[in-house]
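Following the hints, position chain X against chain Z.
Okay, here's what each chain looks like letter by letter:
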Amino acid sequence: MTFRQFAFKNVQRNYKAYLAYFLSCTFSILVFFLFAVNLFHPEIGERFTSGPVHLVLSAGEIAVAVFSLLFIFYSAGSFLKTRSQEFGLLMMLGSTRKQLNRLMAAENLIIGLAAMAAGMAAGLFLSKYFLLIASVILEVEELEFYWPAEAVALTAAGFLVMFILISAVAPLTVRSKAILELLKGNRKPKEPPKASVWLSAAGVLLIAAGYAIVVRQMAIPFDLGVIAVLVSAGTYLIYAQLSVFTLKRLTAVPAFFFRKTNPVWISDLVYRVKDNARLLFVVTITCTAAFTTLAAFYAIYQSTDEEYAKSYPLPFNYFSYAPDDKRERHLALIASALEEEGLAYQDVSVPFREFEGGGRLNIAAVSTEGYNRLARMLNRQALHVQPGETVEVSVWTNKADTRIALRDDWVQLGGRTLKLVDVVQDNIFPEGAFGRLFVVSDADFAKLASAASEGVYYGYAVPDWTAASAAAEKIAAQIETDFVSSKYRSSPDWYKQDELVYKLILFVGTFISFVFFIAAGSFIYFRFYTDVQEDKVKFRNLRKIGLTGREVKKIVTLQLAILFFIPFAVAALHSVFALQTLQTRMAASIGGDAAIVLAFFFAALILYFLLLRSRYLRSLLEGREMRK
Amino acid sequence: MNMLEVRKVSKIYEGKVPHQALKHVDFAVPEGQFVGVMGPSGSGKTTLLNVISTIDHPTGGEVFIRGTEPHRLPSDRLAVFRRRELGFVFQDFNLLHTLTVKENIFLPLALDGVPVRKMNRRLNAIVPILGIEGILDKRTYEISGGQAQRAAIARAIIHEPALLLADEPTGNLDTRSSRDVMELFRKINRELGTTILMVTHDPAAASYCDRIIFIRDGAVYNELYRGEQQRDFYGAIMDVLSFMGGDARDVSTVRV
Chain Z
130 MTFRQFAFKN
140 VQRNYKAYLA
150 YFLSCTFSIL
160 VFFLFAVNLF
170 HPEIGERFTS
180 GPVHLVLSAG
190 EIAVAVFSLL
200 FIFYSAGSFL
210 KTRSQEFGLL
220 MMLGSTRKQL
230 NRLMAAENLI
240 IGLAAMAAGM
250 AAGLFLSKYF
260 LLIASVILEV
270 EELEFYWPAE
280 AVALTAAGFL
290 VMFILISAVA
300 PLTVRSKAIL
310 ELLKGNRKPK
320 EPPKASVWLS
330 AAGVLLIAAG
340 YAIVVRQMAI
350 PFDLGVIAVL
360 VSAGTYLIYA
370 QLSVFTLKRL
380 TAVPAFFFRK
390 TNPVWISDLV
400 YRVKDNARLL
410 FVVTITCTAA
420 FTTLAAFYAI
430 YQSTDEEYAK
440 SYPLPFNYFS
450 YAPDDKRERH
460 LALIASALEE
470 EGLAYQDVSV
480 PFREFEGGGR
490 LNIAAVSTEG
500 YNRLARMLNR
510 QALHVQPGET
520 VEVSVWTNKA
530 DTRIALRDDW
540 VQLGGRTLKL
550 VDVVQDNIFP
560 EGAFGRLFVV
570 SDADFAKLAS
580 AASEGVYYGY
590 AVPDWTAASA
600 AAEKIAAQIE
610 TDFVSSKYRS
620 SPDWYKQDEL
630 VYKLILFVGT
640 FISFVFFIAA
650 GSFIYFRFYT
660 DVQEDKVKFR
670 NLRKIGLTGR
680 EVKKIVTLQL
690 AILFFIPFAV
700 AALHSVFALQ
710 TLQTRMAASI
720 GGDAAIVLAF
730 FFAALILYFL
740 LLRSRYLRSL
750 LEGREMRK
Chain X
-12 MNMLEVRKVS
-2 KIYEGKVPHQ
8 ALKHVDFAVP
18 EGQFVGVMGP
28 SGSGKTTLLN
38 VISTIDHPTG
48 GEVFIRGTEP
58 HRLPSDRLAV
68 FRRRELGFVF
78 QDFNLLHTLT
88 VKENIFLPLA
98 LDGVPVRKMN
108 RRLNAIVPIL
118 GIEGILDKRT
128 YEISGGQAQR
138 AAIARAIIHE
148 PALLLADEPT
158 GNLDTRSSRD
168 VMELFRKINR
178 ELGTTILMVT
188 HDPAAASYCD
198 RIIFIRDGAV
208 YNELYRGEQQ
218 RDFYGAIMDV
228 LSFMGGDARD
238 VSTVRV
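Those protein sequences? They're chains Z and X, same order as listed. Going by the working numbering, the first residue of the first sequence is number 130, and it counts up by one from there. Going by the working numbering, the first residue of the second sequence is number -12, and it counts up by one from there.
Keep in mind the hints are simulated off the structure, nothing from the lab. Just so we're clear, the structure is a prediction, and the values are computed from it rather than from any experiment. The reader is advised that the hints may include incorrect statements.
Stated by the list, open to error - Only pairs whose alpha carbons sit at most 30 Å apart, straight line, appear in this in silico DSSO-like list of lysine-lysine:
1) X:K89 <-> Z:K665
2) X:K105 <-> Z:K227
3) Z:K576 <-> Z:K603
4) X:K3 <-> Z:K210
5) Z:K138 <-> X:K89
6) Z:K377 <-> Z:K403
7) X:K125 <-> Z:K667
8) Z:K227 <-> X:K89
9) Z:K323 <-> X:K3
10) Z:K377 <-> X:K3
11) Z:K210 <-> X:K89
Bound conformation, chain Z alone (with noise of 0.2 Å):
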């Protein structure tokens, strides 16, 4: 037997170690060249190179590529650790750390190129239904299975790289430590976890102020940035000193600690938390933005439409400024493309003037008149303004933050004073469209003289405006507008784009989510599996003392769902709040989107909790005696 062949003997008959490192390269490797196959799909290159479309799934390539390394990174860490007697006994029987070195890298390679061929074997079968998905969402006719030479060529390349890295880093994690530590391994006995009082008192006050200051909607500086702290803080301070303070608490009640199974896994769970608690904390943090984020996104794709109903009241705007020699022709091209769609069209005109302001955007005027002419097209409240008196309505959406506040005030306009009685806080022109807006009775309107331009406003009515892009983006091709003698603005067509992006945006961030779910649940299965021979021993020898088959699946169940379920319902939690502070600045309404994200996370992580129960006891309890 040559050392070859004992590393090759070693893998052969201890698959199942390697497995689970093995599927979490696989699964990584999967996951970047599905990404890899859409992104270089010749139909997506062809139609979106440079646009947003392109640019959200590199990003969403990026991001799996930086998770990969990562999860490759910790999935050997824990595997090597699982290890760490082995290679004691081997240094203690004289193998050089040359020979340790190339065993390990050996090994490394021989699994990372297993697993290219494994992801990418996987890949290509799946790619049709993720092609699939993609044309749906990107709205193009069914994308083409393919050949992707690029995404196999990047893939490998990049997989190869990274697993040449850590054939070079892994050894240095066993390396640095002695023979005697490494033939110990996890046997060491440890010493029992302290918790401080204050400490755990201090997490649930830095929480608990985070929370106020968003509940109260306080006012203070960087207050993003000070919640954020406040939250993560205290939450590292729950999972490393509170939980460890709570359990031992328990530890101290006689008539709860020694009742049946208690005394068993409250002890362990104590050692189990207190080692795992920067990991909790990072599963945590991390769950929390992805909840925000995806919850955010979907909100925001869910009120695209209403966004830009509020923002253009009216989906196509023409304003023209005297003198504007090419007012026919554009009225013109406007209405003809709407007729070639086949939209049955209602157009409006108002007549406004505008007077220098100061700000970058002039101030305007319209008559009583014209803007109720607008307002019965938009089934909105006409106005009646008496001479010397105006109503101003605002030029944004309203929102807390572009609310105007009513004050007894004058308003100089075009030479003339007028009191300003009434405000309108609905935009009725395209948002921006002015610097301020005020409405004049029609007397007045004549009157006002040493207008800075004068122009007309021409407004058209769709029936469905979200079904017009066609012809908005027709229009836009042609028109020739020089945002001096005249402006162009439509909504149609920029919805449509915002929309794909976001749909795109949700999907890559769905997925992306979703696979860090399974990554974090992974990794918690990984602390569990690390331990899995010591506790072996451990509950064969509890069985001798009468402990129960099932009991022992309640106590690993107890424990494995403890660890895998608090960090994801803290995370919630969380969300909670930082969609709270969202929605006062979004003014969009995401509570019952939020509900639906999490539900669907928290019915994937059951399964996969059940699954990853099922196999860890089912490598616990192997072997003669543990199955009685």
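Coordinates of chain X only, in the frame set by chain Z:
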């Protein structure tokens, strides 16, 4: 010639309260001698063994194995030294579960790049002494504790080490298996001439040795040489142990 020389070896564990585990331990073991090291828990016998087996470093003094001070070797030379000059038997066997018994035994030779033909020749030479013919192709979970320890001993001697080190080799075995394993050690010592240093707390196991070194509080406390009768030797060992106090028999098998 002395196979092992331990010269004024000290070991201090640094910490909040520095703890001196070994205090100027000084002894020599001539070639072919079977030496037992005894002492109560916490006396430093395992630390001594770890220092001799090069997996722990002394804070003072020197250790010579066949004239070489291994602690002065660079790490790769040290690994090769361990591979060629030392054999190690553990209390809990430490066999690799992924390999068969035979493959486990071959491991030190495989690490050294010995050709397979030579491996088989070496194995055939020791198999009759060890009585492991029937289990060579079995996996580690298919054999009993006594058989596992025999396999571990085979692994420790297949490369004909200068020094065979054993750490409580009977600690995990029943009385009968313990006796078999100890007889095996004596046989290896007599027939192959292997020098053996064994740490044990079991007077019955110790009575198979030629010489016992008693350690207490990190220093050599007493020595006993075996006479003609094993039974008398056993009695003498018991006498020293009870005289030492902290009677070794009531010390649990779990060492901290």
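Can you name, in rising order, the numbers of the hints this structure does not satisfy?
-> Of the numbered hints, just 3 does not hold.
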